[in-house]
Every structure is written in structure tokens, then in C-alpha cells.
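Asker: Chains as they are written, first to last, in this note's numbering: chain E, 1 to 391; chain G, 392 to 782; chain W, 783 to 1070; chain S, 1071 to 1358.
Hints may be right or wrong, so weigh each one.
Across the chosen pairs, the derived CB separations fall in these ranges [what the hints assert, rightly or not]:
| hint | chain 1 | residue 1 | chain 2 | residue 2 | range |
| --- | --- | --- | --- | --- | --- |
| 1 | S | Asp1119 | E | Asn174 | 56 to 64 angstroms |
| 2 | W | Asp831 | S | Gly1161 | 26 to 34 angstroms |
| 3 | E | Ala232 | S | Gly1112 | 23 to 31 angstroms |
| 4 | G | Lys735 | S | Glu1352 | 45 to 53 angstroms |
Some, not all, of what chain E presents toward chain W, calculated at C-beta under 7 angstroms [stated by the list, open to error]:
| hint | residue |
| --- | --- |
| 5 | Arg106 |
| 6 | Asp152 |
| 7 | Trp155 |
| 8 | Thr354 |
For lysine-lysine, the following PhoX-like pairs were computed, each having C-alpha atoms within a straight-line distance of at most 20 angstroms [unchecked claim]:
| hint | chain 1 | residue 1 | chain 2 | residue 2 |
| --- | --- | --- | --- | --- |
| 9 | S | Lys1113 | G | Lys631 |
| 10 | E | Lys240 | W | Lys914 |
| 11 | E | Lys217 | E | Lys95 |
| 12 | W | Lys1025 | E | Lys249 |
| 13 | E | Lys217 | E | Lys240 |
| 14 | G | Lys598 | G | Lys608 |
| 15 | E | Lys177 | S | Lys1113 |
| 16 | G | Lys760 | G | Lys735 |
| 17 | W | Lys1025 | E | Lys2 |
| 18 | G | Lys640 | S | Lys1313 |
| 19 | G | Lys703 | G | Lys765 |
| 20 | G | Lys393 | G | Lys640 |
| 21 | W | Lys1067 | E | Lys217 |
| 22 | W | Lys1025 | E | Lys279 |
| 23 | G | Lys670 | S | Lys1313 |
| 24 | G | Lys393 | G | Lys421 |
| 25 | S | Lys1298 | S | Lys1313 |
Bear in mind the hints are in silico, worked out from the structure with no lab data behind them.
Where is the CB? At the ideal position from N, CA and C, for every residue including glycine.
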Amino acid sequence: MKLHEYQAKEIFRRYHIRVPAGEVAGSVDKVIESARNINGPPWVVKAQVHAGGRGKAGGVRIADSLEQLKQAAKEILGRPLISEQTGPEGKRVTKLLIEEAVEIERELYLAMTIDRSKAEPVIIFSQVGGMDIEEVARVSPEQLMNEHIPFDMGWSPFVAKKLAYGLDPLPGPNTLKELTNIISRLYTVFMELDCSLAEINPLVTTKKGDVIALDAKINIDDNALFRRKAMADLDDPLEKEHLEREAAKYHLNYIKLDGNIGAMVNGAGLAMATMDLIKMAGAEPANFLDVGGGASEEMVTKGLEIILMDEKVKAIFINIFGGILRCDVLARGVLAAAEKTHIKVPVIVRLEGTNVEDGRKILEESDLKFMVAKDMNEAADLVTRAVSITV
Amino acid sequence: MKLHEYQAKEIFRRYHIRVPAGEVAGSVDKVIESARNINGPPWVVKAQVHAGGRGKAGGVRIADSLEQLKQAAKEILGRPLISEQTGPEGKRVTKLLIEEAVEIERELYLAMTIDRSKAEPVIIFSQVGGMDIEEVARVSPEQLMNEHIPFDMGWSPFVAKKLAYGLDPLPGPNTLKELTNIISRLYTVFMELDCSLAEINPLVTTKKGDVIALDAKINIDDNALFRRKAMADLDDPLEKEHLEREAAKYHLNYIKLDGNIGAMVNGAGLAMATMDLIKMAGAEPANFLDVGGGASEEMVTKGLEIILMDEKVKAIFINIFGGILRCDVLARGVLAAAEKTHIKVPVIVRLEGTNVEDGRKILEESDLKFMVAKDMNEAADLVTRAVSITV
Amino acid sequence: MSILVNEESRVLVQGITGNEGTFHTQQMVSYGTVVAAGVTPGKGGMKLDGIPVFNRVKDAVDNEGVNVSIIFVPPPFAADSILEAASAGIGVIVCITEGIPTLDMVRVASFIRSRGIVLIGPNCPGIISPGKTKVGIMPGPIHKPGTIGVISRSGTLTYEMVDQLTRAGLGQSTCIGIGGDPIIGTSFIDHLRRFHRDDTTEAVVLIGEIGGSAEEEAAEYIESEFNKPVFAFIAGQTAPPGKRMGHAGAIISGGQGKAEDKIAALERAGIRVIKNLGSLGETVKESI
Amino acid sequence: MSILVNEESRVLVQGITGNEGTFHTQQMVSYGTVVAAGVTPGKGGMKLDGIPVFNRVKDAVDNEGVNVSIIFVPPPFAADSILEAASAGIGVIVCITEGIPTLDMVRVASFIRSRGIVLIGPNCPGIISPGKTKVGIMPGPIHKPGTIGVISRSGTLTYEMVDQLTRAGLGQSTCIGIGGDPIIGTSFIDHLRRFHRDDTTEAVVLIGEIGGSAEEEAAEYIESEFNKPVFAFIAGQTAPPGKRMGHAGAIISGGQGKAEDKIAALERAGIRVIKNLGSLGETVKESI
């Protein structure tokens, strides 16, 4: 789960990681009102949407007067922000963060995440801040420092010193001390809140020796939300595509894509492979939908309903390998959905595994028209055919 | 550092480990006043001194009326409590703990400490409670359960379940739940407060299914007191022998013993070995005193002064192997002490190591009479001789 | 031969009295698995289809000599269950549970790896040595004893692949679902090493997906040390970046974990990567 | 020969710019120790008697190839210094610091033991291979190269014993102070194993004291595996129970850790226990 920048900064404040003075506003009036509480001009206005590349997309502005501020707020608020990460439709901006401007001496990069191969948290630090860290990793990997924190070591202050003293040129003693403190506090944030990512880019130093988190990014491990209720409460449903929001209500793993062939599959791996197969068959998948290994009849029904809500969908491919989910259960769920909604698009069904005969029979004996595939190759052919008919 | 029972119970309360309702009182009047706030009669009165075997020594009483309570308080307060652990002079009782009486169903034993060999904390649990755990270990070791908590495992609830479900007969589900909670909370107390021992003996269950810490013992790791100020503040100076209190002011490792030969040594191992040598020479050591590897002239002076305050001391043995502590520094410290105090007892000095010649010269050239030994064997002879003269 | 589990495995089911635990215990027993004991704290003393249930793993080890455990315990308690099994001396632990917090797994991984304990999963279908024993939730009948080793990050996709192998007449020595989480107990490489030493296994099918770099690491290992044919399939070529595709571990983030990079790494290492989901069985059959 | 350290040891001093660190660095250098680098965060770039000082252990390893470290850092930061040295790949770490919290050492011990790192101390005088190198605070001149190995929980008591050995004409292969704390990096047994394999070492002197059960464990090991003569001395026969005798680890508690029990265990294992503090040198000389 991703937090907004302003939410992440609120958390940083609580953990004594310094951030610029700022306020969040949802209207142009509130922006102007906030600006009066914040040291300026200049002020910085930042669109609060989950999207990288906000700056390039015009979502971050500097205003040298209240006039400019008002203008900037008008231009950003309520409109979609289209960055390289949002897709062409962009993301509508409903909140702005107004902040004091900071006089920057140096821009650094600091982040913590999990190294999957080593199964250890890792802190990443670089003296090249403010730019895309993947870019830094590609162009000048020698500028990246990594420190793993083995679980059986736990937090040890030398790790922060090791990173801070890796800077060249070395900052003054005060800045060094502030830096090591911030690294240690970021570790605490990460561990105490079950983060999957905590990133400060840029982390800036000022001539006065302050160290300030100019940007802030926190992702929380979805699997840990049950024990981080306060974090779960920060979830912004507006960040989700509306069909995804709908699917989430039924605990369905649904991701909206841009294609026209809807897919309903049990199991994440098979669902991805099915999307790939649709693409290879010459079509585009409209969604990822994993109804789960042990899905109920109701979840299958709901899943199908959500696919059908997507107006782009021209055909549906149901691909089930029954293990825990029995094929007869699946078949009944499909029928239930078909009864409730009006399926106007071709439906290709491929069933295999537990109770496959029962499942196929239920489908075949129904009033509905399904194209039943015996194996993946046949299913691929049917998808190709459906595409050529519908497109 | 040892805490008093009432202090330990205060901590347990904070960590939601249930203890009987109770108050501490320093006078008979206060005892009676406290009793009015506590459910009873009967009440339990417990002498608050650091000494095992309080019960046998009459330091724990049950009072069935205010009269009996007053009587018990009068008998215990202000007098020395002489138990098998206090030595013949006993320990003066200045505080009493008055508690409600608890209806006991079962008496259990629960403790946590450090297993030195494995370098791991260990939880010890037994269904034989209320008696000396060493006795249980000797008589029926099969009644003891041990669970180590490796650092790289950390707290895991199964450990508490493993212990609680080891009881035979098994208590009811509520009691089991309470028990596992208490085990987990005791772990938290131990780790958060840097304990070296946290013991509940007995931990009792009641017919209502409650689990209550009837007694409480907490020792804090002396080396961790610098980061456990709140614990350090609980130290009761009255528990220390008055010369030990004096020595502590100068950070001297001094322990008062019952003999008549004072000893001043640098290094704990050598100090112990020197005590043993005094005993082998036919005398009894009056103290343990380690002035430390890197002692200053001042510390040597203070150490000697404290030895001389002990009226039982009939001779002094100064045994220094100079490493970090140079022999000339030692010699000057001894002279300084001799000038300030009036040394009337024979002083045997054995110097070896760094700057030994300088040290010996300083002593020999002084006005004071020292018996200088060249090695340990000669020192032993001189001690024997001193004893035969003085005793 | 098979790896890790066989007909002599005495299996413990942790969480045996829960719905899933009970259902799959019955499924395992029908497959022929020796389910020797179950554990549910508070249910000690009862029997489930004749299988004794204990309060503690220790009791199951002491009384029934279990040496493999399978865990059906909800996410908040699953890490604790793994640690209980590991502390009780069980050397092969299969954790089916999906949804365990990543930091719990950081702790578990550190603990089991430094003690040489094999953890399969979490968020996995388990392990099966066809014809011998099934310690998992996969449908038994699609499997067939044979010489192909299967290692996969997925569940149903593995069933699909195994089914194709069986239909093509190719049996399996052992099939392992290593799990779909970011942190899992064992990697492709851990099991490749075992298949390397296992005489029965003649070829290995490796089923990967987007996220992480386990496939790239496997490719490197295979190129330098592994001398049996390997066939690979990678799911998620059409997955968008930054989105978690069902599995907690299936996510392309920071430009890493793309299917195309994995496929390229595998092919560079000389591994045959199957692109067409329907053709694995036939491809393997033709090639060996 | 010697164990753990010799003339090729390149020594790092952590906390080199503190009083103790500076003083003992000079002492070690005069003894002949190759002190190749020092570390004090914030003092990187300076030199101390020509020895380069770095901010980080990593830099000392990278630039000066140090392979042994000695730590003079105050108790609140000492565990962190040990972990820094261990993480930087230093295989032999000597920690002089007295007063480290026990729970810090629980963490450190778990970390170093699982990684095969040798930690000597804390709260110890260090290690010396006479004539080769001294990584510690013991007075150098009392030592003499030879064939006796010395392992001790004490400081000055060790000097006393070594001095007696030297006066009796008996040199030492290596003398190790393992430390006086309840939790220390290495035990008597760890070093006995090393002396066992060291051809130069012909006999071992073991200096124990009250508290814990390290001597009893050593006795058991010696009886079953060690085949060179061992002489032991145990300090604290007159120590009262329940009192910490200077060393944090020197305490008889719960009836455990008594000198008499240790002496009995050693003698049962056939080890010669010296009772008279003054007679160690002569006794060893007569016996071998």
C-alpha cells in the first residue's frame, strides 16, 4: 500500500526526521490560506498523487508570489496529472501539498527496502540525489552504497556511520551527526511500520548544516496491514481505478489493463500466463483477475461481474485449473453471474482438474453459450478466433 | 542491582502481570493505615530486605486481625532480619509490604535469566512453586522446564505455549491463556529493563482462573544501569554494608568480609586469589578490594582508607601486579593514605610488574614501616607471621 | 528416488483442526501420505480420522517421530508456527499460508537458514514426490512418478504444467512449489542442487514469474554447475510495472523483475524457455 | 607456532584516539605488534605516531589489510564496534572494554558465533604470542616465547601466573585472557581445541574463577579429548555467595559457580589443580 507524500512526511515528523514546513490543501482557497501559515514566498506546490515523474509532468511548481501560487494551484487541482507512470489517462489531482522552499546545499538519496535474495532489509544511500535512483544505478553504480541489516544483527549505529562517512567530500560534523540520526530513524520507521519501501529523494543538506527530507515515499507491506491499522486507515481509495476498488470489496485480485479480452483465472501465476497467452494469440488482456486457489461460487460470480463492467471487454476467457477450487463450483458461479448480468460477449471456458467432468457438464447443460476448450492450445485458438470476430 | 519485592511488583503491574493488591509502609501506623485500603483480614506482611529465606526467618506473616497485624509489624520493623543469607548480624527491616491474601489453587515457578554457556536468555518454568528452585533442581529435575530464546529467534509466542502446555494436569483454557500472557510479559520486562534475573516464586493460580505473581524478584544488570536510569534510581543504599557504600562513592570494587586481614589488590582475579592465599596462610580476609587495572593514586589512597575504617583489620596485605597500574603510582598512593590516616597495623607490600623498582624505592625511602615481599610465597609467609603476632 | 520427501516421511499437520488443515489432511491421507500427527494448541488429546492431535510440536516429535511438517495456520501466527517446528528439530517444513508479513519472514529466513532447515513456501502449494507422498495442496491425480523435477513459484500454473507433462507421458520425481512471496524459505538454486545430486531426476522444469531475481540467479547457477536439461516458463510478460500481480512477490519495481530480463538471462545460460503455455509437455517430450 | 595471532597479524585499534587506545597502541608498537591502522569516527585522515586513522573499519580493511582488531571503546558503544569489525570481515576481534551490558553481548555472541568469528573478551587483557605480537594490555616484558599455552578469565592474575612461568624458565606459545564477563566471545574449550592442534604448545595453564560453569565444561572436554598436560588455578575459594567479585561474571548464584565444585570437576578429569598461588611456576616446571 502506497502512502501519499504528505502522509509519509507526517510520519517522518513523528519520528523526528526533518521535513519542510507544509500543509495539505484540497481547494485553491485552502492553498492560499495555507500559504499564509508557511514561510514564503517562494512556496513549493506538489500534486499529491501516486505517480513517479510528477516534476516533469508539471505536478511540482515553485511560486514566487501568492498570485503565482493561485495560478499553479488552479492549473493542477482537479485535473489529471499525466506522467510516464500514470498511463495516458493520467491521475486526477485532489490534494496539493504547499511547502516552504528550502535552500539546498547538497542533494542526497536515502532509502530502505527488502533485499529479496538475501532476505534482509537493506539501506541504500547515494550522494547523487534528486534523480531517478534506477538511473543512478545504471549510469554510475559506484555512487550507490548498500548496507544490509541482518536480522540477527539488528540495528547497529555503525551502519549509519558507515554510510554517512562514505560521502565525498565529507560534510561537517553537525551534518554528519544529523545524517546518521536520520538513517537510524528511517530504520525505525521501516521496522515499526512494516514498510516495504521508505525513500527520501532528495534528502538535502543546507548551508546551516540541517538535513531535510525534501520528498518522502513510504509503501507499507500489504500483508502486514492487519497489524498496522493506523497505516491501513491512510489508504486513499481514489488512487485505485474504480473497477479495482469494486474488486477489492470482494477481496478479488483484480488489476485493470487496457486490452479487450477479459480473463478470469484461479491462481496468480496461471492468471499472468493466461494474459500472456491472450497477447500471443494476437489480442490484449483487459485485466488480471485471480479468483484465488480456494475461491467460492460467490467470488467467481463477482469476478465475472466486474469483468463485465469493463466496457472495453469484447470476449471473456475463463481459465481454471481445479485444485482446491473445484470445477463444478466454478461452473455454478459462472452460471449465477450469467443469470444476474447479461453476458453479450463470447465466453471461452477452459476447465481442468478436480471435478472437471461435473463442471463441463453444468456448463454444457445450461442455456448459455460457452465455447469450451479442452486444453490450452485449443483455448488459444478460440481466443484468436474471438478476437478476429470482435475486433 | 537487586530490587525490592515491592519495587519489582510495581514493575509487574506496569507490564500487566497481576500481583496482589498491596502497599508499602515504613511505620506501624502506616501499616495499619494501609491495611484499611486493602481487602482483608487476612493480610500478609512481608519484610522488604534483600535476603532469601525471609519466610523461615519470620519476615513473612499472616495477620487475621488488625491487632495481629500491628503485632507483626512491631516485631519485624526496625529490627534485623536474620536469615540463612544475611549472615549472623542480619539486615535491619525498614519497610514492610502489606498485601491482600490470595486463595491459592496451584503454586508454580517462573523465572527468566541468562544462560551463560549458551549466551542466550532462558525461561525456567516448573509446576513445583513456592520452594527453593535449586532444591527442585536437585530433588526432581524432571519438574523443571527450560526454554532458551536465541537472539536470532526473538520472542515467539510458541515458547510460552510450550511451557504452559507442559503442566500436568493441564489447567483450564482461561488459566492457560493467562499463563502464556504472563510468560510473554515477563520476557518483555526482562529485555526492556536489562534484567539479569526476573523471578516469580510462587506464581499462583486461583480457582477463578486468575494467575497471580505472589512474590517477585528482579535483578538489573549493573552494566546496563547507564541506560536504565529509572532502575538505577530504585537502588536502596541501605541494603549495602556501610563501608561498601563508602567504597561505591569512589567506584572501588570493595566487599566487606568477616576476617581480620585487609587486602588491597589490582584486578579482580588476583584479588580473589589473594583472599584465598590469606586463608591458606591461616588467617581470614577482611575484604575483597580490587582497585582496578588502571587505578589512580587517589583510588589507591581511598581504598586504603576504607580498609583502615574496618576496625577488625589487624594487618593489611597490598598485592599489586603492575600492568596498566604502575608500581610507582601505587607506592605514592599508599604513602598519601598513610599520611592522612594513621596506620597502626602492619602492612605487607608485594609489588611486581611495571616500574616495580621505582615503587619499591619510594616505599623503602619513606618514613613508614612496610614489610616488602619479593614474591607470593614470601608474601604468604609474612601474612602468616603477621597473623601469629596480631591474633 | 525423490528429494526432500518420500514414502518414509512422517508428516505433521500444524493447524490440523482448521477447515483447510482438515480438508487437506484428508486429501493427503487419500494420496498415501503418512500423516502421523496434528497440532492445534488446546485441542491436544483429540483424534482426527485416527490421527492424534497434540498441543505442541514437541509432543508430536516425541510421540510420533514426525520429520516433515505442513502448516495451515493464519498469517498472523504462521511465522511462530514455523519457528516452533524448526525449534522442535523438524528439518523439512512446508508453509502453505499466504499473507505472512515480509518482516516476519526476514526473521524466519535468518533463523532457518543459519540452522540448515529446509522451509518450502510460504504461499505455496507444497511438495509432492508422486507415488510416494504428497505434502501439499496440489491435486494428486495429475501427477505421475517419473524423472522430471519441477520447481515453481506458482500454484495452479504448476498444476497446468505437471498435467501437461503427465499427459505427454512424462512422470515427475518431485514437484516443489517454492512460493509466491518476496521472501521464501528456499530458492530455485537450493532445489536445483538437490536435483543435481538426485540420480532419478533427468530433467528439470523451472516455472518462474515476474518480480525479484531468483530466475536470473538460477540461470547463473545452471550455466556454471547444473548438467541436466532445464526447461523454463516465465509468467507475466504482459504484466504492467508497479502492480502486484496476485502474488506478493510478483511485482516489477524500480525496473527490476521483468519477465523479458528473466527470459533473456535464462536463454543466455542456454536454457530452453517455453513461450507457449500449451506446449510445455510436448516440448519436453520431444527434447529428452 | 602460536594460535590466533602472530607476527603476520595486522592489527587495527578501534578507539585509537582515546586515552587508553593511544597509550596501549604505543605499548603494542614497542612490543613489536604491527599496528596497521586505527579507527575513530570523525578523526579519519589523521595519523597517530605514523599510524593512519580512519573513520570506518571498512576503510582500514580496504586500505591497510588489517585482520585482527582490538577495541578500546566505552561500554555503551563497544558492542556496536565489535559488530562493525565483524561485519567488515575481521576474523579475530579482541575487546578490552569492561562494563558492556549483558544483553548487548547476547546479540554479539549470536552474531559472531554463527559466522565463525573469534571474539576474545570483552573485559579481558587480550592475547599475546610472546616474541611475535601482543594484541592486548598485558605487560609485555614478563612474557617469554615458549611452549606453554595460557587461558584465563582474569587480568593481573594472569600476569602473575605468566611471570611465574617465565621466572621458572617456561616460555609461552600464546596467552589469552578470555574475559571476566558472564557472556564472552570464546570459552576455555574454544582455545583448548586450538592448543590441541598447535604443535608448539606442550602444556596448558588454565586460570579460572568462581561463577558460571566454563571450568566444568573445560574439564569434561579435556578428559575426553585433550592430550597435553593441563594445570589449573581457580580463584575465589573464599568468595561469599551472591556477591559480584569485581568481574561481572565472578558470582556464585543459586548455589552454582563455586570454586570447590570447579576444582572437584577439574581434579575428577585428572587435571592438576594448583592451590598455592605462589607455586604455579615451580609446579609446572617440575611436572613437565
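Asker: Against this structure, judge whether each hint is valid.
Answerer: Status of each hint after checking the structure:
Distance hint check: the CB atoms of Asp1119 (chain S) and Asn174 (chain E) are about 30 angstroms apart, inconsistent with the given range 56 to 64 angstroms. Between Asp831 (chain W) and Gly1161 (chain S) the C-beta distance comes to about 55 angstroms, which lies outside the given range of 26 to 34 angstroms. For Ala232 (chain E) paired with Gly1112 (chain S), a C-beta distance near 42 angstroms fails the hint of 23 to 31 angstroms. The hinted range of 45 to 53 angstroms is not satisfied by Lys735 (chain G) and Glu1352 (chain S), whose Cβ atoms lie roughly 36 angstroms apart.
A distance limit of 7 angstroms between C-beta atoms decides the matter here; for Arg106 (chain E) the minimum to chain W is near 23 angstroms, and the interface restraint is violated. The criterion of a C-beta within 7 angstroms of any C-beta in chain W is met by Asp152 (chain E), whose closest approach is roughly 5 angstroms, and the hint holds. The beta carbon of Trp155 (chain E) is not positioned within 7 angstroms of any beta carbon in chain W (closest approach about 13 angstroms), and the interface hint is therefore violated. With a cut of 7 angstroms, the hint placing Thr354 (chain E) at the interface with chain W holds, because the nearest CB-to-CB distance is about 5 angstroms.
For the proposed pair Lys1113 (chain S) and Lys631 (chain G), the alpha carbon gap of about 43 angstroms is over 20 angstroms, so the pair is violated. Distance restraint check for Lys240 (chain E) and Lys914 (chain W): the Cα-Cα separation of roughly 47 angstroms exceeds the 20 angstroms cut-off, and the hinted pair is therefore not satisfied. Among the hinted pairs, Lys217 (chain E) with Lys95 (chain E) is consistent with the structure: their alpha-carbon atoms are about 16 angstroms apart, no more than 20 angstroms. This hinted pair checks out: Lys1025 (chain W) and Lys249 (chain E) have alpha carbons roughly 18 angstroms apart, not beyond 20 angstroms.
The straight-line distance between the Cα atoms of Lys217 (chain E) and Lys240 (chain E) is roughly 17 angstroms, inside the 20 angstroms bound, and the hint therefore holds. Pair hint Lys598 (chain G) plus Lys608 (chain G) does not hold up; C-alpha atoms about 25 angstroms apart against a cutoff of 20 angstroms. Distance check on the hinted pair: Lys177 (chain E) and Lys1113 (chain S) sit about 14 angstroms apart at the alpha-carbon level, within 20 angstroms; holds. Note on Lys760 (chain G) and Lys735 (chain G): the hinted pairing holds, with a Cα-Cα distance of about 10 angstroms set against a maximum of 20 angstroms.
A distance of roughly 11 angstroms separates the Cα atoms of Lys1025 (chain W) and Lys2 (chain E); the hinted pair therefore holds under the 20 angstroms criterion. Distance hint between Lys640 (chain G) and Lys1313 (chain S) is fulfilled; the C-alpha atoms sit about 18 angstroms from each other, no more than 20 angstroms. For the hint pairing Lys703 (chain G) with Lys765 (chain G), the CA-to-CA distance comes to about 27 angstroms; that exceeds 20 angstroms, so the pair is violated. Between Lys393 (chain G) and Lys640 (chain G) the alpha-carbon distance is near 18 angstroms, which keeps this suggested pair within the 20 angstroms criterion.
For the hint linking Lys1067 (chain W) to Lys217 (chain E), the alpha-carbon distance of about 49 angstroms lies beyond 20 angstroms, and the restraint is violated. Under the criterion of a C-alpha separation no larger than 20 angstroms, the hint pairing Lys1025 (chain W) with Lys279 (chain E) is consistent with the structure, at around 18 angstroms. Of the supplied pair hints, the one linking Lys670 (chain G) and Lys1313 (chain S) holds, its CA atoms being roughly 18 angstroms apart against a limit of 20 angstroms. Note on Lys393 (chain G) and Lys421 (chain G): the hinted pairing is violated, with a Cα-Cα distance of about 25 angstroms set against a maximum of 20 angstroms.
Among the hinted pairs, Lys1298 (chain S) with Lys1313 (chain S) is inconsistent with the structure: their alpha-carbon atoms are about 35 angstroms apart, more than 20 angstroms.
Hints 1, 2, 3, 4, 5, 7, 9, 10, 14, 19, 21, 24 and 25 from the list above are not met by this structure, while the remaining hints are.
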